[in-house]
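**Student:** I would like the entire structure built from these sequences, with the hints used as guidance.
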Amino acid sequence: RKEVEQDPGPFNVPEGATVAFNCTYSNSASQSFFWYRQDCRKEPKLLMSVYSSGNEDGRFTAQLNRASQYISLLIRDSKLSDSATYLCVVNEGFQKLVFGTGTRLLVSP
Amino acid sequence: EAQVTQNPRYLITVTGKKLTVTCSQNMNHEYMSWYRQDPGLGLRQIYYSMNVEVTDKGDVPEGYKVSRKEKRNFPLILESPSPNQTSLYFCASSGIGGGPQHFGDGTRLSIL
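In order, the protein sequences belong to chains A and B.
Last residue of the first sequence: number 1379 in the working numbering, and the count goes up by one each step with no gaps.
Last residue of the second sequence: number 323 in the working numbering, and the count goes up by one each step with no gaps.
The set of hints was computed from the structure by calculation and includes no laboratory data.
Quick caveat: nothing in here was measured; it's all calculated off a predicted structure.
Idealized CB from N, CA, C, for every residue including glycine.
Just so you know, not all the hints are guaranteed correct.
Interface residues of chain A toward chain B, partial, derived using beta-carbon atoms under 10 Å [said to hold, decoys possible]:
| no. | residue |
| --- | --- |
| 1 | Gln1276 |
| 2 | Phe1304 |
| 3 | Tyr1321 |
| 4 | Ser1323 |
| 5 | Phe1330 |
| 6 | Asn1361 |
| 7 | Val1368 |
| 8 | Gly1372 |
| 9 | Leu1376 |
**Tutor:** So this is what it looks like as structure tokens:
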């Protein structure tokens, strides 16, 4: 079983749609969680950290469910510029980051 | 500007010819790490360093070496590169407090 699992997609959505990604992790001792965005073979960039209480940044909402060991990302009012691969990242402690393979999002006009 | 700088960005070389990929950060971060990214496998950690002169193996260290003589630099060394090390490599750094990592622009290596 992979340590961090994501649906690879692609998720094809029209502009303005709401789309949600989920990610599951296997290490119950994981300490912190992030969503990164990666554009076509460029470096991953932090989108947002994920907090236990859930957090929102503009059109993006992240949630963490420790009991079920999953993390979610919700994107509202999708823009063409949101097209990218979204990486779920889990910090298992001592800065050991484990990356999911990513979920690809394609937003069309 | 806070950044992680990798060089070279692209390199095509031949099997067995030693190469070094440099990584430098200007954020005074304690933690630095090297990853490789391959299709369908995501990013996998090669080596990491918690501070100067402290390095440890990640998930895929075979065929690689690193050193951390200064806080800002963390070079990745391939003593005898082989074709299975053809990949996209990223260096990253962060502070020690468990926060997110900052990535360099990546180095695309092709070993023929």
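**Student:** Are the hints correct? Go through all of them and say.
**Tutor:** Now for the hints, and whether the structure bears them out:
1. Gln1276: holds, 9 Å
2. Phe1304: holds, 5 Å
3. Tyr1321: It is violated, given that the least Cβ distance between Tyr1321/A and chain B is near 13 Å, above 10 Å.
4. Ser1323: violated, 17 Å
5. Phe1330: Because about 15 Å separates Phe1330/A from the closest Cβ in chain B, which is outside the 10 Å limit, the hint is violated.
6. Asn1361: holds, 6 Å
7. Val1368: holds, 8 Å
8. Gly1372: Holds: closest Cβ of chain B sits about 6 Å from Gly1372/A, inside 10 Å.
9. Leu1376: Interface hint status for Leu1376/A: violated (17 Å vs cutoff 10 Å).
Hints 3, 4, 5 and 9, counting from the list given before, are not met by this structure.
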